[in-house]
Amino acid sequence: MSPVQTMPPRSYHIGKDDLGADILEVAMGPHHPSTHGVFRMDLKLDGETVVDLKPVFGYLHRNHEKIAEDITYPMSMPFTDRLDYLCGMTNNWAYALSAEKLIEIKVPERAEYIRVIVAELTRLVNHCLLIGFFVNDLGALGTPLLYALREREKILDLFEVLSGARMMVNYIRFGGVRCDPPDGWLKECQRIVDAFPAFLDEYETLLTENEIIIARAQNVGVVTREEAINFSLTGPMLRASGVNYDIRKVDRYGIYDRFDFKVPIGGHGDCYDRFMVRMLEMRQSVKILKQAIRDLPEGEIMGKAPKIFRPAPGEAYGRIEAPKGELGFYLISDGTPIPYRFKVRPPSFVNLTALRHMCLGHKVADAVIILGSIDIVLGEVDR
Amino acid sequence: MAAIDHKGVIRQFPELEWEASSGSLILSPEKVDEVVSWLKEDPAYRLDYLSCVSGVDYLEKEVKTRVRNEAGKMVFKTSLSPEKMEVVYHFYSMEKKTGPFILKQRVLSRENPVVTSLTPHYGGAELMEREVYDLFGIRFTGHPDLRRILMWEGFQHYPMRKDYVPPNDYEYEPTPHGDVLERARERREELEGQSP
Amino acid sequence: MIVAFYLLALIAVLGAGLAITLRNVVHAVFSVLLFFSALAGLFLLLLAEFIAAVQVLVYIGSVGILMLFAIMLTTNVVGDPNRPVQSRGWVWGGLAVVALLAGVLLPIISRTGGQSPTPLSDFNPSVKQLGLVLMDPYFASLGVIALLLTAGLIGAVVAATGASEADQAKTVPENRPRFPNN
Amino acid sequence: MSLIGKGILKGMGVTAKNFFQSYYRKERLPTVEYPEEKATINQFSRNFPFLLYDGDDPVDGMRCTACTLCERACPPQCIYIIKDKDENGKAILSPRIFDIDTSVCMSCQLCVEVCPYEAIRMDSAFELSNENRFEGLLLNREELLKPNAYYHEIHPLEARETDDRMAAKAALAEAKKKARQKRARLAAKNKPPPGLKKTPPTRKKPPQREKSE
Amino acid sequence: MNNYFDLKLVELGRWIEAFFAHYPTLKLVVHLLLCTLPLALSFMGAFAFTTWLERKGLARIQNRPGPNRVGLFGLLQPIADGIKMLLKEDIVPERSDKLFHFLAPIMLMIPAMIGVGFLPLGDGLHALPLDSAIIFFFAISSLNTIAVFMAGWSSRNKYSLLGGMRAVAQMISYEIPLVLSAVAVIMMAGSLNAQEVVASQQISSWVGSGNILQEFFGRILGWNVFKPWGFAGFIFFFIAALAEANRSPFDLPEADSEIIAGHLTEYSGFKYAILFMGEYISAFAIAGIGVTLFLGGWNGPVFAGLPWFVLKLFSLFAVMIWIRGTLPRLRVDQLMGYAWKFLFPLAILNIFLAGFYHFLERQWGTAIAMLAGWLFGFGALQLAAIALSRLNQSPTIRSKRVYQLVE
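Protein chains in written order, with this note's numbering: chain A, 14 to 396; chain B, 22 to 217; chain C, 5 to 186; chain D, 484 to 696; chain E, 44 to 450.
Calculated from the structure, these hints are not laboratory results. Where hints are given, some of them may not hold.
[Stated by the list, open to error] Only part of the chain A face toward chain D is listed, based on derived beta-carbon distances under 7 Å: (1) 61; (2) 84; (3) 88; (4) 163; (5) 174; (6) 218.
Positions of the beta carbon are idealized from the N, C-alpha and C atoms, including for glycine.
All chains should be modelled from the sequences, with the hints used to inform the complete structure.
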């Protein structure tokens, strides 16, 4: 059996740059305060400037796809919460959407509206958390992060009342949602959504015009339009580079075409634009939430799903606009209740391809921020 | 999201095989570069965004197909579908906002499956193809640096293949299920056997 | 007072001696700094506070750190121990020091007659005195020194910037011609 | 004052506001200091499953009939059921062993959805620390069994719904049995049937799926 | 009531020394002890209190209660930390340079403690009443650059090397604006002696006069901060002091998000505590000099003397904590750019402004000088600042970003 190879601490001086000073190889390793989980960057530094960068991950690899090939379709729904553990609801919805492509199930109106409400709440949680971590990497000792966590607590309490758990929600089923929101829930949700813009204004006065953030984040990690499309970037990273591609508008999945909301587009494609695009997206999500809560219809919440989910042989690729980008599920079924192939297309894994391109030529401090602006969650990257 | 009609491609490359069941275009490794660059530039398609690269592994399997035999009665005919490995590419067009276009590269041999890489055309495919290589063992010619991405370098097998037997190194944990216990017992004898 | 003087003199000699003999360059620099601080102590004993302050500020604060920066750019700092110091130079060095000592210092010491230091009662160590003296008789020399220093500074800046454009473009690999310009 | 810059001063203003308001506004100081004051656990939160029993005697009041549906539906396969047999080998509808390995269970609540007999529910107690990593976390039947009153206490709303559903089902079964008896009495009164025995409608057997290797 | 507190302390000192009247050497030793020991102990106590103040202040800014478990309101928390530090194992990396790894904390404590000695705490309370106290303070405070380098270099760890180099580069480039902004004050005060600088910061005509109101304001309005060149000088001094003490926007050396703890990475146990204390006490020393030069030292309306000095010192420290809770960190090259291309020229301009103010004051009296100073002088500084920032920043940064909201 191959013994688990322990990585020897490799810190040796290799190569020389022209000043005769050595090129330093630094492994910004799995235990690094600002790599958002177990993610390692092998940096080659000339002084402070990054000369080469190799992302190394796989420390949190549980082979989610192999597990899914042993259990039935509904049984792997709780596992999707563990993919991007910050937004459980959108993972569930993506999986439910692609499974509903295998077997056509009519999802009732009320369930569609609840799905939109829960997905947009997750988007708020994800974006304000990300901005907190991004500014924390910049060095502000946790103050913005703790404001974001304070707001996140309120929304997580909503999820706990609705689905029973704060993060591992396991709430959306094929053809609808698991249970109806209790009576006080909608009033509470309305109160939190109405209070959110006040928090956003406070967040913006604290962060957007801050000269130090402007100096540190602008012109750092620039990705042009063509590079963004070529690197298959999706989500806020793509829109920060000026490409108008939001799957809610393109695919019109669920009932997103009934809500009027805008898509913020950045101009320069640098870290500051990604930060600002996420700020503006939060405002749009609040707009959607207001409309969705206002005209949430009555009615039952679960479509006529078959007792045993046994799709006809075939394949389906369902995708949604998760807060981090395009989250897709590619399912191949061979007629049995167990999926033949279960492939997850995680947004942060693909967005990492552009990391090396963005970091070359910048300083070590910039490499940290660029990683922070990509918004990776290792549960999703390593699957 | 308007779906893409594949007839234009068939007209352009008549020798390609279009698999109707999964609605995907089957490519042989040498024709890949030409077709992909055409798909990227052609005004009708403009497939500039490669969304997802996934590997699929098919073992040898009898397929029972209902066919009407000469006596006009439906009867099951079992045919042997060969073992094959596929790399499935999902394309979208960001410019024209059109639907998924599926492209497959099929390889029959399981010992040394080789496929041409799309990284020269699409930068985004680099990590995804490395993952397919890491989990399925499909080599990609033309890939800038083909290394394992999720498993550690010393790992020998390809975990996502259907015939992969997971290593028996469960640490001993007395959970109620029979098979885990029994595997752990095997493991313990094996360890005692080795240790002096 | 006397004890303090001999103590500081001993530290100074020790620091200077160590600076020469130590193999590790960084240790040598630190012993030089020790020497400078002992010198500053001696100035304090002479009640020349301003000179002691300037000695600490200029020599330890910047010249010492300048030496450390220079070391940072050299490659092997620790010096490889297997190359023993076998140059025969220290014998002649010692002789030269003794000759210098006898030839120059002894006559000076003998002329001062070696009596105890004069009582410093009437001397008030205020900086104002120093300032005034600097201004009227020695103003010209102050101006010349100032000019010299600025010339040196500008020369250093030109030498430094001259090199930095070239090497910045080189270390960044070709596939990223644009270098963020903020 | 472009020396320091307006953005920084405004940011400092926000932090100062937070500093002073945290003294008098509850919303600015949401910390719950855990051991002294406990946050109220809302009635919908779920942690680990537990078995329900009616009446006072846990074993025979148990609702679970060991149909092993939940064992099959559990994604991480952490439920372990062995059917009970009385002395002459006839199977009784209750589990002799019903273990849940809480170190493996991921509290996903699929077992509650699948159970046809409302026998398993999710508990919301979270102080379950234990000194033994293996046996301590392997809850056996006795530790899992909790009275219906406890269920009403932790999830009042859900408990009431379950009881109404159980009552309705019982009433339905009652009505069906009475109807069957009446029909049987009628049939017996009109003419004794030559020997045709109407087979009672058996419950559709849940599809037996082989344990996947 | 003025200086009542200081005079009492000085009397106490003389009364103790009187006991040793007929042992001259012992008397000298006791005098030295009386000068240094209470100072050292009080500042270590101040250090313990500020760690508590910092953690409570930062916590409250971040909407959390901060340490409140150990003792009333968590006041015993610093003592608990101290004991913990004592008990922690002191790990010395195997390949490190043992001698200098051991020397670095001491080298950092020496300048911090001596620097504190130069502060004029009260009327008679001046530990080292040197004539050129201010210049000696800046000389000594340049020593902790060497200590930081020694710590960074001797732990032979890549991150601490990076941290050490960053610290040295930062401290050198911020020493110059620090000294230059102090030069303006020394030029106006006319002497390097700390006591005279403090004495010069009160409107003597008002203080002498009878009525209470003038007496009260005389001791405040005289502070250098209310003069145009004083206010600008104070801002430059405060920014440079933040950088010199490695405090918030400039805490590059131990930037935990990039290089884990900079030059402190390889230290643990009591050596880490001493390094930590050294940093805090040098921050105190620089803040103290700032108070002496700009905020009128121990000068204050009712009970002038030590209480005023302590009040000002801790208020300045509170502003440092407040900044630490808000601002993110600058990058290394921006840090350097800010020092050399922004603070340095402005500090020189400030000296000219002071000269201009001095000339005006002698010609047309303080009122007009004050008016002209604030209008023209400060305006000139403002213009220079805008010009310099426009010169340094790249065009894209200045343009306000506009984001279209697309359908």
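To see whether the hints hold, each was checked on the structure:
1. 61: Violated. Min distance 25 Å.
2. 84: holds, 6 Å
3. 88: The hint holds - residue 88 of chain A has a Cβ within 7 Å of chain D, the shortest such distance being about 4 Å.
4. 163: holds, 6 Å
5. 174: holds, 5 Å
6. 218: holds, 5 Å
Violated hint: 1 only; the structure is consistent with all others.
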